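Chains as they are written, first to last, in my numbering: chain X, 83 to 315; chain C, 53 to 514.
Worth flagging that the hints you see were computed from the coordinates, not collected in a lab. Just so you know, these numbers come straight off a predicted model, no measurement behind them. Hints are supplied without guarantee of correctness; some may be wrong.
Derived SDA-like pairs (lysine to any residue); straight-line CA-CA distance at most 25 angstroms [stated by the list, open to error]: (1) C:K419 to X:M103; (2) X:K228 to C:F153; (3) C:K415 to X:D165; (4) X:K157 to C:V508; (5) C:K415 to X:Q180; (6) C:K336 to C:V508; (7) C:K419 to X:E122.
Quick list of simulated restraints, FRET-style, between CB atoms [what the hints assert, rightly or not]: (8) C:I404 to X:M103: 30 to 40 angstroms; (9) X:M103 to C:F481: 47 to 57 angstroms; (10) C:I404 to X:D169: 29 to 39 angstroms; (11) X:G156 to C:L127: 36 to 46 angstroms; (12) X:T148 to C:M123: 24 to 34 angstroms; (13) X:H227 to C:P77: 55 to 65 angstroms; (14) C:T108 to X:G156: 32 to 42 angstroms.
Heads up, the beta-carbon is just placed ideally off N, CA and C, and yes, glycines get one too.
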Amino acid sequence: MTRPTGALVIDIEQVTKLYQMGEETIHALRGVSLKIHRNEYLAIMGPSGSGKSTLMNMLGCLDTPTAGRYEFNGKNVASMEDDELADIRNREIGFVFQTFNLLPRSTALANVELPLIYAGLSPSIRRERATRTLQDVGLGERMSHKPNELSGGQRQRVAIARALVNNPSIILADEPTGNLDSKTGVEIMALFETLYEQGNTIIVVTHEEDIARHARRIVRLRDGLIESDGPVG
Amino acid sequence: MKALLKRPANWIGFLLGILIWVFLPLGVAVGIYLAVWLYLWLFVLPSGKRLRYEFTESFRIAFAQIRANKMRSVLTALGVIIGIVAVTLMGTAIGGIDKGFSNSLAMLGEDILYVQKWPWGGVEDWWNYQNRPRITADIAEKLNQVIESTPNSTLEIAVPVAMRGSPVKNGEYKVNSVILGTTGEYSRISSVDLTEGRFFNETEANSGRPVCILGADVAEALFQGRSPLDQSVQVSGHPVTVIGVLAKQGSFLGLFSFDNQVFIPLEAFKKYLGLRRGVDVRVKVKDKNHLEESRDELEGATRRVRGQLPGERDNFSINEQQAFKAVLDPVKQGIALAGLFITGLSLFVGAIGIMNITFVSVKERTKEIGTRKALGARRRTILLQFLIEAVSICLIGGVAGLLLTYGACLGLQAAMPSFPIDFSINLVFISMLVSVVTGILSGFAPAWGAARLDPVVALRYE
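Bound-form chain X, shown alone (with noise of 0.2 angstroms):
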């Protein structure tokens, strides 16, 4: 909380990205740039082969750019090593799946706790700080469930519980309503809502137009470039 609201977080200059398939060079995403400060609800659109999928793993520090500029609260990332990435993503990132990926054999509480060993944090600090954030996310009575035992909602809620653990710069929420019914889809982005007037930052990518107006600004890719970039409405 100790940058100002409205400082720079993300800044993306002229990125492409080229994949190799076989004979095929694919190109991905073909020259974005895309400023995102702090405190922004964004929501990134696009029909599947846009590039969409390719600038959330850009954003969320998972893979870097062929070519371009990216920087992440003013660290240069786009020439960093895997495991610099790692930390990055650590401390900076906080993802939430489509698909939950929760560790199924781990408790709604170990599974919030894990982004904490990996920040080297003790048990205690990782249990007391997993334990609020789990009572945030309104899953206090639910915390030493195995995720076999949580509704597919309560599911989504320990991924966004473990997303906001180490308090990261941004939330990277990739079609967070994509497996859940459309009222359970609705109170997770009630809670998104939430989590966005508390001060987060969060980008959620999907190609629902519903859930994108939940946002305050959409960018919208067509062949691997922003087509437009803009508030709701």
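Guided by the hints, dock chain C onto chain X, whose structure is given.
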């Protein structure tokens, strides 16, 4: 200083002293430094603490994984179990042979040389030994005369011992025992430990009185717990009075028992069983640390007594307990070699099984690996996790193998108390080490593959 120069031993001591005084504090300082450093790293510095937490987490996940796939884990561990059982059984057998051997050597007497017709340990050119003149009882007497007339002799005394298997009877009870005929001086070369009565004296021995000392098992078998003292037994059909009972000694390598012996005077032996096969002459040396010298002296003395010409080959053999070592070494090596082969083979098979199962595990959990990487797991974290999983399976196999061997040893000991086995604590360390090394070697390739997975690809994997 002059005195020091004259005596180099002091110089060495002096230098050693300096070295100790310099290096001991240095070593202690380095040790403390390392310990402090390790403590700081593991418990204070963030990077070390993180590694420690990752370790704990990896073990937790590994055991959860093994619990979730019990059957698979057990089958995988089987190879390691067999390997560890092989290595520990081999160790137990070798340890047992060593233990039994040193116990048995003590029974043979560490300071006794045996003058005999045949060498111990077997020979290939038996025909060269067949025609040697037999060792007669008077050789012991003559040897004693030589020993007495030699100033500073390294030998103490020579005693003839005749030996032959023969039944001993008391009424309807009958035992096949080993009859030993010797003189009253036998008690000077071997500590004769009696529970009852006494050994026969010089007079009794020389006159060939019908008296005997029974081994513990013979006494038990013939008298069923009653005291045999002053009772009569029949040795080869002749009535003999029991004047002593030997304390229990145990068996030699579990092969032949010392408690199965019956001692009678040599003269009586001659009368009852005859001395056609000759006798052994047992010679006690003064200092067992100079056995070689004594052996040379005894060889010369025996040649003199036997009237052998210079250049002639010895027509007798001088045996000592050491010879048994030479016989036993190949046996031990054989066991070790066979054990090593079986161990290596089963561990190899086990390692391949573990490698395979770790590959399967990595494949199954590709998405989990992607998730972990997205949450900040480094390559090292993933590598460690799968290595620990492989090592855990191996360790479980190792512990199971150890327990199996331990159980087998206990069972064997209960069934055959005299069988030499020795389950040493070293075996525990060795098998744990072998398990860990097997786990690391077999788990490394799949774990390395997992660690190098591209998170994007891993996350997309279904």
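The hints, checked one at a time:
| no. | hint | verdict |
| --- | --- | --- |
| 1 | C:K419 to X:M103 | 22 angstroms, holds |
| 2 | X:K228 to C:F153 | 59 angstroms, violated |
| 3 | C:K415 to X:D165 | 22 angstroms, holds |
| 4 | X:K157 to C:V508 | 22 angstroms, holds |
| 5 | C:K415 to X:Q180 | 21 angstroms, holds |
| 6 | C:K336 to C:V508 | 83 angstroms, violated |
| 7 | C:K419 to X:E122 | 30 angstroms, violated |
| 8 | C:I404 to X:M103: 30 to 40 angstroms | 35 angstroms, holds |
| 9 | X:M103 to C:F481: 47 to 57 angstroms | 53 angstroms, holds |
| 10 | C:I404 to X:D169: 29 to 39 angstroms | 36 angstroms, holds |
| 11 | X:G156 to C:L127: 36 to 46 angstroms | 54 angstroms, violated |
| 12 | X:T148 to C:M123: 24 to 34 angstroms | 47 angstroms, violated |
| 13 | X:H227 to C:P77: 55 to 65 angstroms | 58 angstroms, holds |
| 14 | C:T108 to X:G156: 32 to 42 angstroms | 34 angstroms, holds |
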